[in-house]
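> Chain by chain, the residues run as shown.
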Amino acid sequence: MDARCEAFCARVLARLTRADRVEKNRIREELAAHLEDRMEVLAEAGYTPAEAAERAVRDMGDPAEIGDALNAQFSRFWGWVRSLSCLLVVALLLPTLLSVGYDLTVIRGSLTRRSDPAQYHTLNEKNFATAEVDVRFLFKDIDLQVYETGYKESSGEIGVSVAAYPVNPFLRELPDYLDMLTFDEEEALYSGSSSSWDRGYSHRMMRCTPNEPYPDHVTLVYDHYGERFELTVPLDWEVLTE
Amino acid sequence: MAAKKKSLEHASLLVLGLLAAEDMYGYQMIVELERRSDHTFQMKEGTLYPILHGLEQEGAVEAYEQQAPTGRMRRYYHLTRKGQALLHTEAEAWRSYAHGVDAVLHGILPLAEA
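Top to bottom, those sequences are chains A and B. Residue numbering for the first sequence follows the numbering used here, starting at 1 and increasing by one per position. Residue numbering for the second sequence follows the numbering used here, starting at 1001 and increasing by one per position.
A few of these clues could be false.
[What the hints assert, rightly or not] Far from chain A, by Cβ distances over 10 Å, these chain B residues were calculated:
{"#": "1", "residue": "1022"}
{"#": "2", "residue": "1032"}
{"#": "3", "residue": "1037"}
{"#": "4", "residue": "1039"}
{"#": "5", "residue": "1040"}
{"#": "6", "residue": "1081"}
{"#": "7", "residue": "1085"}
{"#": "8", "residue": "1089"}
{"#": "9", "residue": "1091"}
{"#": "10", "residue": "1096"}
{"#": "11", "residue": "1101"}
{"#": "12", "residue": "1103"}
{"#": "13", "residue": "1104"}
{"#": "14", "residue": "1105"}
[Claimed, not checked] Calculated lysine-lysine pairs in the BS3-like style (CA-CA distance at most 30 Å, straight line):
{"#": "15", "chain 1": "B", "residue 1": "1082", "chain 2": "A", "residue 2": "24"}
{"#": "16", "chain 1": "A", "residue 1": "24", "chain 2": "A", "residue 2": "140"}
{"#": "17", "chain 1": "A", "residue 1": "24", "chain 2": "B", "residue 2": "1044"}
{"#": "18", "chain 1": "B", "residue 1": "1044", "chain 2": "B", "residue 2": "1082"}
In case anyone wonders, no lab produced these hints; they're calculated from the structure. Here a beta-carbon is modelled for each residue, glycine too, at the ideal position from N, C-alpha and C.
With the rest of the complex left out, here is chain B:
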């Protein structure tokens, strides 16, 4: 049997999802992730950088530097074609997984509420 490809960490999937809309720098991603998830996802901020560098090594994102109006140099990340394909595949896998979990919980929850 062929070895199953290791699935992407959930945090990596979220990062790719954020970058699908626009290029972002690290701190911007943390803020946006909190905002969009209605504060459900509050990660230790520094753990974002190993994820970003890992995705960069894989070729899923590429980085470039741009000066902010304040003069601060910021490192923006851009989703590559490979990253878009990865996001598409992993998002499908996640939806399928979430659907499966929902289907099971759908039978359990009424009992729990009773």
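Isolated chain A (complex conformation):
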């Protein structure tokens, strides 16, 4: 999907505090399909892809307003019930896990990542201006979530915070293949580096320096032995340069 459309969806989803992952995915797919339909019609009318994307996003309206209106449709009560159910399951399982020697730090890190990864504003600590995003991808048995982008004006660097957690919350370590997730060098937009995954907390900060200023997105890519996936992460420059 076009980066402008991706950014629009991300800004809507960022307001959905009461929706769960399944509901958010459903809304993202529905909005994305609408934007693609609209872009197709505009392209037939002679718009370039960039013009079509810009117009399609503009025609949708204010993403924050739409996100708030959608969020109001979800019950706060069921959100609490869901959280309480998770806590209850954990409380019931804890004695068993402790008896087999599980490290509580790993479990706590894994669970807090799932509930609210954005509380770990790692880029803020490195003097980046930040913008919330919500870009997700299920890769093998690992949920990847880009939850924050950043921009450091003094160095021109772009930062991306990624949370990764196994579908099984009691898995002790992330698999090694996740180290292969890098910035997409084929795009030649930027040169990048990233810290290694923190095994205990399952998050990673990735930084790169763009070759051209203010790109509208960065792409993370995993490309190994014929397996490939890409994550397009929109950059909201209105927020990052505020």
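Following the hints, position chain B against chain A.
Here is chain B on its own, set in the frame of chain A:
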């Protein structure tokens, strides 16, 4: 006095009206709404989705997914029996309201034109 039931938003009424004829997906509804109203109703397209999800929560519409010939997955909305009843009631209320407004304007308009 019993509390009066909150009337349906006009945009919701229009959406129910569209779905009375056939099941539709979001973008199709926007296009159809513009066409049928001769471009009188041109809403910000994204505001349709909170309306649809609200109607779904109320049980007035239900959604299902179907693949388009292009391969794109589309979410269609279908008017339920509850939605049909709601549409009938609200359309009656709207006609009655519009009739009342017409009756008042009928007396005013000749003066305005004079």
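> Verify this label for me: residue 1040 of chain B is non-interface relative to chain A, using a Cβ-Cβ cutoff of 10 Å.
Non-interface label on residue 1040 of chain B holds, nearest chain A Cβ at 17 Å vs cutoff 10 Å.
> Would you say residue 1105 of chain B is clear of chain A, with no C-beta pair closer than or equal to 10 Å?
holds, 31 Å
> Taken at face value, is the distance from the CA of residue 24 of chain A to the CA of residue 1082 of chain B at most 30 Å?
holds, 26 Å
> Given the hint that residue 1044 of chain B pairs with residue 1082 of chain B, does the C-alpha gap stay at or below 30 Å?
holds, 27 Å
> Is the nearest CB of chain A more than 10 Å from the CB of residue 1022 of chain B?
holds, 17 Å
> Just checking, residue 1037 of chain B versus chain A, shortest CB gap more than 10 Å?
Non-interface label on residue 1037 of chain B holds, nearest chain A Cβ at 17 Å vs cutoff 10 Å.
> Does residue 1103 of chain B sit more than 10 Å from chain A, CB to CB?
holds, 35 Å
> Are the Cα atoms of residue 24 of chain A and residue 140 of chain A separated by 30 Å or less?
Holds - the C-alpha atoms of residue 140 of chain A and residue 24 of chain A are around 20 Å apart, at most 30 Å.
> Please check whether the beta-carbon of residue 1039 of chain B is more than 10 Å away from every beta-carbon in chain A.
holds, 14 Å
> Run the distance test for residue 24 of chain A versus residue 1044 of chain B: straight-line Cα separation, threshold 30 Å.
holds, 21 Å
> Hey, does residue 1096 of chain B actually stay past 10 Å from chain A on C-beta?
Since the minimum Cβ distance to chain A is about 28 Å, residue 1096 of chain B lies beyond 10 Å and the statement holds.
> Looking at residue 1081 of chain B again, its CB stays over 10 Å from all of chain A?
Its Cβ never comes within 10 Å of chain A, the nearest being 21 Å, so this holds.
Checked against the numbered hints above, the structure violates none of them.
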